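J.: In case you want the letters, here they are:
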Amino acid sequence: MTPGADLAIFAVSAAAGLLGALAGVGGGILVIPVLTFGFGVDIHLAAGASIVSVIATSSGAAAAYVRDRMTDMRVGMFLELATTTGAVCGALLAAVASPAFLYLLLGSVLLLSAGSQVGRLGEEVPPEVTPSALASRLRLVSSYPDQKLGREVPYSARRIPLGFVLMWIAGLVSGLLGIGSGVLKVLAMDGAMRLPMKVSSATSNFMIGVTAAASAGIYLSRGDVDPQIAAPVALGVLTGAIVGARLLGRVSNRTIRLVFLPVLVAVGLETIGRGLGLAL
Amino acid sequence: MLISLVLAAGVAVSAVLIGIGFATALAIGWHGSLIGAAPASGAPTTDFGNLPARLAHLEPLALTQLGLLTLLATPVARVAASVVGFATEGDHLYVAITFAVLVVLLASLFVLR
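Line order of the protein sequences matches chains A and B.
Going by the working numbering, the first sequence opens with residue 1, and the numbers climb by one from there.
Going by the working numbering, the second sequence opens with residue 1, and the numbers climb by one from there.
Every clue listed holds true.
Across the chosen pairs, the derived CB separations fall in these ranges:
hint	chain 1	residue 1	chain 2	residue 2	range
1	A	Val141	B	Ala107	28 to 34 Å
2	B	Leu26	A	Ser116	46 to 52 Å
3	A	Pro99	B	Ala12	36 to 42 Å
4	B	Leu2	A	Val165	31 to 37 Å
5	B	Ser4	A	Ala114	32 to 38 Å
6	A	Pro262	B	Glu89	35 to 41 Å
7	B	Ile28	A	Ile218	28 to 34 Å
8	A	Ala100	B	Asp91	40 to 46 Å
9	B	Ala12	A	Pro33	26 to 32 Å
10	B	Met1	A	Gly277	44 to 50 Å
Covered stretches of chain B, going by a simulated chain A footprint (3 or more residues, C-beta under 8 Å):
hint	stretch
11	1 to 15
12	18 to 32
13	46 to 53
14	95 to 108
According to the in silico footprint, chain B covers these stretches of chain A (three or more CB under 8 Å from chain B):
hint	stretch
15	54 to 62
16	71 to 85
17	211 to 220
18	225 to 235
These aren't lab readings, by the way, just hints derived from the structure by calculation.
All of these numbers come straight from a predicted model, not from anything done at the bench.
Backbone N, C-alpha and C define an ideal beta-carbon position, used for all residues, glycine too.
Only chain A is shown next, with the shape it has when bound in the complex (with noise of 0.2 Å):
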């Protein structure tokens, strides 16, 4: 790589950090194109880089949203709990499977979930409601502080089991075709479980650090982290990260909303595109 060539990886790699810790996604979904794209490189080394990316992610937003309260902890464990297995499912079945089936119906659920995301813009916090029975036993009710509304907003998790189910889909796809998880997360915290869009944001970018890591090693022993394109993007996306955690503070939910749409409609047409067979 030349020197201009990584100031450019670099570069890309902030935005993916910056959008990546506003929207709750990992940023391989302009990582990866930008890398096999833009600079020729090979996709298992783009591979690679995407899953540093997506910690570097997660690790450098979570150092401001820990702070700031911003990531539910329990929510975040509890569903990492499905996810986990569900990855490990998704891994054994990938052998099975057929990808193109999965990667048309995935991305069909995702372009089909943008209508309701629509929906929502108007709604700047869940309305309140009286914790479940389950909720309270879990202690999954909480509450986050919004700089933007200038108070503590209380919520609660609403329809768990289908939070869980969703998210152990969210687990099974990623292990199958590693797209989509931290899209398919907020999803399920957003829409399924009525967490405010901040938490879901915020508590997604944690699981998919959790959930990378665990996949790091493999990638690691099949000499798919090349340092000469990993080291730019770890820089990059750690600065964008940190920038992105402390706007997401500042700005309304619905703001939130409109940077996850784009991101979710992208992701929705990238993943039809390889059930198609298009070299996306």
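Based on the hints, put chain B in the right spot on chain A.
T.: What follows is chain B alone, placed relative to chain A:
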């Protein structure tokens, strides 16, 4: 807060190591040595083996690799710190849940290859 400390330390240490390793690699090459020793090897940059010896040479590649490994280990350390965090809060249910996540995480790191 233990968790914030683990995160901040992991991010800071990895960023400094990757930053120094990458900047010096641009100056003296990935397989150079900051203390002027002869290059330890010409192994591919994706080879993370023999790290302690190459670190002793202050090889830019080795510094960057140690930084990347620190970054990749940070989420695992964070989950481990959460086990301690929930334990000090006396939340036995979440000590169990978080410990289970940690076990699956370590299993997939070291067993499922």
